[in-house]
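Here is what each chain is made of, one letter per residue.
There are 2 protein chains.
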Amino acid sequence: MLGDPEMISFAGGNPAAEGYPLEDIIRLSDKVLREKGAKIAQYGSTDGLQEFRESALQYLIKPRGVEAAVENTLTLTGSSQGFDLMARVLLDPGDTVLCDGATFVGALQAYHMAEANVVGVEMDDDGVIPEDLEEKIVRCRPKFFYTIPTFQNPTGKTIPAARRQKIAELAAKYDMFVLEDDPYCDLRFRGETVPPIKTFDRADKVVLFNSFSKILIPGLRLGVAVGPEELLKRMSLAKQAAIAFSNTLGEAIADAYLREGLLPAQIARISPIYGRRCDRLAAGVDRFFPKGTKYVMPDGGMFLWAELPGDPQNYDLTELRMKALKEIKVGFIDGNEMSAIPGKFRNCIRLNFTREPFERIDEGLERLGAFLKIHTGVSQ
Amino acid sequence: MLGDPEMISFAGGNPAAEGYPLEDIIRLSDKVLREKGAKIAQYGSTDGLQEFRESALQYLIKPRGVEAAVENTLTLTGSSQGFDLMARVLLDPGDTVLCDGATFVGALQAYHMAEANVVGVEMDDDGVIPEDLEEKIVRCRPKFFYTIPTFQNPTGKTIPAARRQKIAELAAKYDMFVLEDDPYCDLRFRGETVPPIKTFDRADKVVLFNSFSKILIPGLRLGVAVGPEELLKRMSLAKQAAIAFSNTLGEAIADAYLREGLLPAQIARISPIYGRRCDRLAAGVDRFFPKGTKYVMPDGGMFLWAELPGDPQNYDLTELRMKALKEIKVGFIDGNEMSAIPGKFRNCIRLNFTREPFERIDEGLERLGAFLKIHTGVSQ
Numbered sequence: 008m009l010g011d012p013e014m015i016s017f018a019g020g021n022p023a024a025e026g027y028p029l030e031d032i033i034r035l036s037d038k039v040l041r042e043k044g045a046k047i048a049q050y051g052s053t054d055g056l057q058e059f060r061e062s063a064l065q066y067l068i069k070p071r072g073v074e075a076a077v078e079n080t081l082t083l084t085g086s087s088q089g090f091d092l093m094a095r096v097l098l099d100p101g102d103t104v105l106c107d108g109a110t111f112v113g114a115l116q117a118y119h120m121a122e123a124n125v126v127g128v129e130m131d132d133d134g135v136i137p138e139d140l141e142e143k144i145v146r147c148r149p150k151f152f153y154t155i156p157t158f159q160n161p162t163g164k165t166i167p168a169a170r171r172q173k174i175a176e177l178a179a180k181y182d183m184f185v186l187e188d189d190p191y192c193d194l195r196f197r198g199e200t201v202p203p204i205k206t207f208d209r210a211d212k213v214v215l216f217n218s219f220s221k222i223l224i225p226g227l228r229l230g231v232a233v234g235p236e237e238l239l240k241r242m243s244l245a246k247q248a249a250i251a252f253s254n255t256l257g258e259a260i261a262d263a264y265l266r267e268g269l270l271p272a273q274i275a276r277i278s279p280i281y282g283r284r285c286d287r288l289a290a291g292v293d294r295f296f297p298k299g300t301k302y303v304m305p306d307g308g309m310f311l312w313a314e315l316p317g318d319p320q321n322y323d324l325t326e327l328r329m330k331a332l333k334e335i336k337v338g339f340i341d342g343n344e345m346s347a348i349p350g351k352f353r354n355c356i357r358l359n360f361t362r363e364p365f366e367r368i369d370e371g372l373e374r375l376g377a378f379l380k381i382h383t384g385v386s387q
Numbered sequence: 008m009l010g011d012p013e014m015i016s017f018a019g020g021n022p023a024a025e026g027y028p029l030e031d032i033i034r035l036s037d038k039v040l041r042e043k044g045a046k047i048a049q050y051g052s053t054d055g056l057q058e059f060r061e062s063a064l065q066y067l068i069k070p071r072g073v074e075a076a077v078e079n080t081l082t083l084t085g086s087s088q089g090f091d092l093m094a095r096v097l098l099d100p101g102d103t104v105l106c107d108g109a110t111f112v113g114a115l116q117a118y119h120m121a122e123a124n125v126v127g128v129e130m131d132d133d134g135v136i137p138e139d140l141e142e143k144i145v146r147c148r149p150k151f152f153y154t155i156p157t158f159q160n161p162t163g164k165t166i167p168a169a170r171r172q173k174i175a176e177l178a179a180k181y182d183m184f185v186l187e188d189d190p191y192c193d194l195r196f197r198g199e200t201v202p203p204i205k206t207f208d209r210a211d212k213v214v215l216f217n218s219f220s221k222i223l224i225p226g227l228r229l230g231v232a233v234g235p236e237e238l239l240k241r242m243s244l245a246k247q248a249a250i251a252f253s254n255t256l257g258e259a260i261a262d263a264y265l266r267e268g269l270l271p272a273q274i275a276r277i278s279p280i281y282g283r284r285c286d287r288l289a290a291g292v293d294r295f296f297p298k299g300t301k302y303v304m305p306d307g308g309m310f311l312w313a314e315l316p317g318d319p320q321n322y323d324l325t326e327l328r329m330k331a332l333k334e335i336k337v338g339f340i341d342g343n344e345m346s347a348i349p350g351k352f353r354n355c356i357r358l359n360f361t362r363e364p365f366e367r368i369d370e371g372l373e374r375l376g377a378f379l380k381i382h383t384g385v386s387q
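Top line first, the protein sequences correspond to chains A and B. Residues in the first sequence are numbered consecutively from 8, following the numbering used here. Residues in the second sequence are numbered consecutively from 8, following the numbering used here.
In case anyone wonders, no lab produced these hints; they're calculated from the structure. Accuracy of the hints is not assured; some may be wrong.
Which copy? The list can't say, so a pair holds if one copy fits it or any two copies do.
To be verified - Dumping the calculated DSS-like pairs for lysine-lysine here, alpha-carbon to alpha-carbon at most 27 Å:
1. Lys-240 with Lys-330
2. Lys-351 with Lys-180
3. Lys-173 with Lys-38
4. Lys-46 with Lys-301
5. Lys-380 with Lys-143
6. Lys-333 with Lys-143
7. Lys-298 with Lys-38
8. Lys-330 with Lys-143
9. Lys-380 with Lys-336
Generate the whole structure from the sequences, applying the supplied hints.
Structural data, given as structure tokens:
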């Protein structure tokens, strides 16, 4: 349906197509194939291309205050692979995973595939609430806690530094791994940088995932895990059995991209675009959505999370979502799909603000607002 | 250790580096990024890039006599991913997988990761013996039978057409899936082409894997599965949870490569090189290895399987393998590692003939032959 030019999509997590540094990628693909084609062509290492892991550390991880060695890194075929590897290494059927109350559906899929018991932690405007996290750690004895701390998917919320420190302390206190999934952190368009949970990780219990899908291109299928060496070794063994190794051309392109120092300019180029679109989208929600709709204004990332007014149980947005696609040609993600707390987010809508340009944001929200007023009975 | 220039390796399954069509890949990478960069950059489909699946069918699968539609295909991040997906979809812990008596260690790894019970089928000079296969189907009630029918890894053997038909009939008779892993079939340097088991598959029970690792480059991480639509749909769901999608740049390069008709010339270029190296290696085994060493002369592929004389129980090649690496700087794979029949292949050595040039083949076998005569007590 995305092929239909009338379709306006707030659904996916796609970067803006005009933000892709395609000319750089074309040039670097040619360069790395000419300079080290034989190495790129050949069977690679499961852990990843050595120079890519080094440059990811130097240009991506260390600038964020995380101290780590190459032995603490593992190349991932996208962060998606990391969810799967963590699940394989740590989860037996019936084991519990804690996660943000509303969270990334792709990660939920990997945990459900492992037949895990997924329990959502309550969130406020600052993300997961440490007191509820601790209560659920004690009660559920989880194998790990999965969280997206910055510009969270789907809520757009960011966990402040003090709360991050608390999460690291809980991981140490209860000897529990934390999977810190941070693909959006560089897409900040206002406010101050917050250090990763990993920087507070005295007990070596935190695994940090960074992705190249949002800051370079998704098509490379490339991410990197930074964490406890022994855990990453086990994940590497599982990766070997699963795909042998990641595509080396993608690693070499990303490596060259980082070493040429192109990332800061790319981030400086796309973040303000996303910021303006975020503001435009928020203004449209204010104008067209039912009165009483609430959201936390994101400081970065790709998503705004709108909570429609009234009792969540009065909504069935899963049904309305399909109806909206057909009848008004507007796409969104409903809260049920991202929910790890049953019934909690029936009145919530995730709106992506990176894909569509201004006029289509306005047009789409006008259509969607009118549609919601008709079909949810919230007429104002 | 492969970095040591003195090291002569008959161990890996690496294509000859000089066989890589690097100039074509550089040119096509540039071409596809310029022509459809936005599509390649973006999130892709789990099933794979439509045009790649179509060209794989047209240029790779249909010419081998296999009738299939795009719905019967699934892009794989290398065949390795296929083993893993089959295991995830079909195997519960304790389930049985049948396979060739000696087989690919990467597939064994995936089945063991799924906690399956792996049972090897006896082989003669024509590969697996259908009578033993049927006996084991009846006795073990396997979830599927995994076989490499052409220039088998590690034995170099090829299953003749009549026996392939028999395997397809057994699959139908016992309602059992067959995983036909055929990455070497195009690397034929003598003899007549044999049709895939899939061409005899009246009951839609056979899944055929083809890989681009041996005919293009391993670094793209690209393979394709052709088989029953319903099974591939389940594998696609498992793939979605595991890595979301394969790297689209690799698919686009392979697609363009196939559509430009470059594959036949590439195969015609590398196969004779492999054939001459195979003959050279066989001559070296005749000359330097202990008297009574036997092998089946391969008609293609990458491997020759040498059986040393005498009782297999008198050998411990796993220990000798490490010793040979250190003391004479020659690498090989011992039979134990590839074995699905405990103790059966203790006297067997897999020798790769694609990696090393003539003079290093001679030198390596001279060293290895002398070493084996000393350490196995077979002094002739």
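Tested hints:
For the homomeric pair Lys-240 and Lys-330, the shortest alpha-carbon distance between copies (26 Å) is at most 27 Å, but the shortest distance inside one copy (47 Å) is not. Taking the shortest Cα distances, Lys-351 and Lys-180 never come within 27 Å of each other, neither inside one copy (29 Å) nor across copies (51 Å). Taking the shortest alpha-carbon separations for Lys-173 and Lys-38, neither the intra-copy value of 45 Å nor the inter-copy value of 51 Å comes in at or below 27 Å. With identical chains, the CA atoms of Lys-46 and Lys-301 are never at most 27 Å apart, being 53 Å at best within one copy and 35 Å at best between copies.
Proximity of Lys-380 to Lys-143 under the C-alpha cut-off of 27 Å is found in neither arrangement, the shortest distances being 37 Å within a copy and 64 Å between copies. Taking the shortest Cα distances, Lys-333 and Lys-143 never come within 27 Å of each other, neither inside one copy (41 Å) nor across copies (53 Å). For the identical chains of this complex, Lys-298 and Lys-38 are neighbours neither inside a copy (55 Å) nor across copies (51 Å), given an alpha-carbon limit of 27 Å. Taking CA atoms no more than 27 Å apart as the test, Lys-330 paired with Lys-143 passes in neither setting, with 37 Å inside one copy and 53 Å between copies.
For the identical chains of this complex, Lys-380 and Lys-336 are intra-copy neighbours only, at 16 Å inside a copy versus 76 Å across copies, given an alpha-carbon limit of 27 Å.
The structure is inconsistent with the numbered hints 2, 3, 4, 5, 6, 7 and 8, although it conforms to all the rest.
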